[in-house]
Amino acid sequence: MVVKHKNIFKTEGTWSDARKLLLKLDTGSWRTERPVLDREKCNYCGLCALYCPPQCLLDRGDRYEPNLDFCKGCGICAKECPRGAFGMVPEGEFIDEG
Amino acid sequence: MKAKKGKVSVMTGNYAAANAARLCRPEVVSAYPITPQSEVAEQISAYVANGELDAEIVEVEGENSAMNVVCAASLAGARVFTATSSYGLVFMYDTLLQTAGYRAPVVMVNVNREPPGIQAVSGGQQDLISTRDSGWVQVIVENNQEIIDQIIMAYRLAEDHDIQLPVMVNYDGYYLSYLAESVEMPLIEDVDAFLAPLKSQPPRPRIIPGAATGCGTHGMEMGYVEARYKHWSALERAREKVDDIDRLFGEYFGRSYGGQIEEYRTDGADIIIVTSGSAAGTTRTVVDAKRNEGVRVGMVKIRLFRPFPEDRLTEVLKGRKAIGVVDRSLCFGWKCGPMCMEIKALTPDIGRMPILSYIDGLANLDITVPHITRVVDEVNGAAQGKPFQEVTWIPMEE
Numbered sequence: 001m002v003v004k005h006k007n008i009f010k011t012e013g014t015w016s017d018a019r020k021l022l023l024k025l026d027t028g029s030w031r032t033e034r035p036v037l038d039r040e041k042c043n044y045c046g047l048c049a050l051y052c053p054p055q056c057l058l059d060r061g062d063r064y065e066p067n068l069d070f071c072k073g074c075g076i077c078a079k080e081c082p083r084g085a086f087g088m089v090p091e092g093e094f095i096d097e098g
Numbered sequence: 001m002k003a004k005k006g007k008v009s010v011m012t013g014n015y016a017a018a019n020a021a022r023l024c025r026p027e028v029v030s031a032y033p034i035t036p037q038s039e040v041a042e043q044i045s046a047y048v049a050n051g052e053l054d055a056e057i058v059e060v061e062g063e064n065s066a067m068n069v070v071c072a073a074s075l076a077g078a079r080v081f082t083a084t085s086s087y088g089l090v091f092m093y094d095t096l097l098q099t100a101g102y103r104a105p106v107v108m109v110n111v112n113r114e115p116p117g118i119q120a121v122s123g124g125q126q127d128l129i130s131t132r133d134s135g136w137v138q139v140i141v142e143n144n145q146e147i148i149d150q151i152i153m154a155y156r157l158a159e160d161h162d163i164q165l166p167v168m169v170n171y172d173g174y175y176l177s178y179l180a181e182s183v184e185m186p187l188i189e190d191v192d193a194f195l196a197p198l199k200s201q202p203p204r205p206r207i208i209p210g211a212a213t214g215c216g217t218h219g220m221e222m223g224y225v226e227a228r229y230k231h232w233s234a235l236e237r238a239r240e241k242v243d244d245i246d247r248l249f250g251e252y253f254g255r256s257y258g259g260q261i262e263e264y265r266t267d268g269a270d271i272i273i274v275t276s277g278s279a280a281g282t283t284r285t286v287v288d289a290k291r292n293e294g295v296r297v298g299m300v301k302i303r304l305f306r307p308f309p310e311d312r313l314t315e316v317l318k319g320r321k322a323i324g325v326v327d328r329s330l331c332f333g334w335k336c337g338p339m340c341m342e343i344k345a346l347t348p349d350i351g352r353m354p355i356l357s358y359i360d361g362l363a364n365l366d367i368t369v370p371h372i373t374r375v376v377d378e379v380n381g382a383a384q385g386k387p388f389q390e391v392t393w394i395p396m397e398e
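Line order of the protein sequences matches chains A and B.
No gaps in the numbering here: position 25 of the first sequence is 25 in my numbering, and each next residue is one more.
No gaps in the numbering here: position 275 of the second sequence is 275 in my numbering, and each next residue is one more.
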């Protein structure tokens, strides 16, 4: 048997540096709606980042924004935000952006 | 270099297993007591309590947690040990699969007992068979000395950098668990020396506080396929490794068991009786008696059940006239016993011949000398062209 596959994991087990490969799954493609931030309401408290299951909220210095490559659109950030700064918007509205 | 002669004493299979585990210096042990394994868990606790073993014992509320504990401890880099049986084994089924998938080199003793279905507190290998495809290396041993020696060999195999798989050492509950036999217990410094080569291998990845490392959390798509392929390949490699370790063990301790399988008087044999575990002792006695009568019969004892010793079995079974397989378990939905099914799967390599399946020894019913004598007579008849019954439940015909 000729194996053409290039190994994803360097080790026998599925070990990886969790800072990078833990986010290697294309979870962004699972999304049906995405969080959109209202910057007026955000006070940079960080609760959304704390609760985000795949830990994909990026620290922009004055606010948090989702990394859309990995955001599954679960809506927990929107639910947890005390100021209601995130709105969940259907993906269909962004269809033009590809 | 050779090991010094160990202390010879009489002990039960369970006591022997606990003692052997102690000699391998596990750092974390978590085991939940269950008949007929309880003595193993009790003894390990006693060793830790009286200072004979420096290990962390994690008390748990059941076997599922016990396997989770030892899997996690193993991923953190510790050498671990656990023991179970029957209901315990199937209660940890999901974590059993996970431990193998994570490639955690856990060593576990499984004291064979009939699993759930009917409340059977009695011996049988059905629990092992129920976990056949769990991805573990599964070894079956025959007597108390082999329990000790195989546990030591299991660590050498599990933690080998080329293998990195959990190993399950199986022995017959009741027959061996409570049977006291004379055994030679190796000295701990000799066990240290035998396991020392593991220390010179590349270190395994492990969980370290502060370093963001992940294991097992991302098996999707090609990540999954790759991990499965590596796991499957490691099991393929394990066959030869079992032979190698058995040979090295023999050179050092003076006892060896044939590796994947043990062949007994197979030279010039027309017929072969295949079995495993404590039934092999009875079979050996019958083979000797039948050889004296002029019947050309030999025995093959399957030691390695997973990965299945396909090549070694092909080599020894090819060109014989008939085979009888004695199973201490069932294959539901298939018309012969589980090991018989696997032997039959070798047909393209060994050629067509009568392969007779025998179901015996369920629920602590003895696999007796008259039973095996009957098996030899029938298989011998089949070899000479007489009609035969493909599957026989021996106790049902008595």
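Just so you know, the hints here were simulated from the structure itself, not pulled from any lab data.
There's no promise every hint is true.
[As the list claims (entries may be wrong)] Derived DSS-like pairs (lysine-lysine); straight-line CA-CA distance at most 25 Å:
id : chain 1 : residue 1 : chain 2 : residue 2
1  : A       : 4         : B       : 318
2  : B       : 344       : B       : 321
3  : A       : 10        : B       : 199
4  : A       : 10        : B       : 321
5  : A       : 10        : B       : 230
6  : A       : 6         : B       : 230
Going down the list of hints, with the structure as the test:
1. Using a Cα cut-off of 25 Å, the hinted pair residue 4 of chain A and residue 318 of chain B is violated, with the two alpha carbons roughly 35 Å apart.
2. The straight-line distance between the Cα atoms of residue 344 of chain B and residue 321 of chain B is roughly 14 Å, inside the 25 Å bound, and the hint therefore holds.
3. Only pairs whose Cα atoms come within 25 Å are accepted, and residue 10 of chain A paired with residue 199 of chain B is accepted, the gap being roughly 21 Å.
4. This hinted pair does not check out: residue 10 of chain A and residue 321 of chain B have alpha carbons roughly 48 Å apart, beyond 25 Å.
5. Annotation: proposed proximity of residue 10 of chain A to residue 230 of chain B holds, straight-line Cα distance about 11 Å (limit 25 Å).
6. This hinted pair checks out: residue 6 of chain A and residue 230 of chain B have alpha carbons roughly 12 Å apart, not beyond 25 Å.
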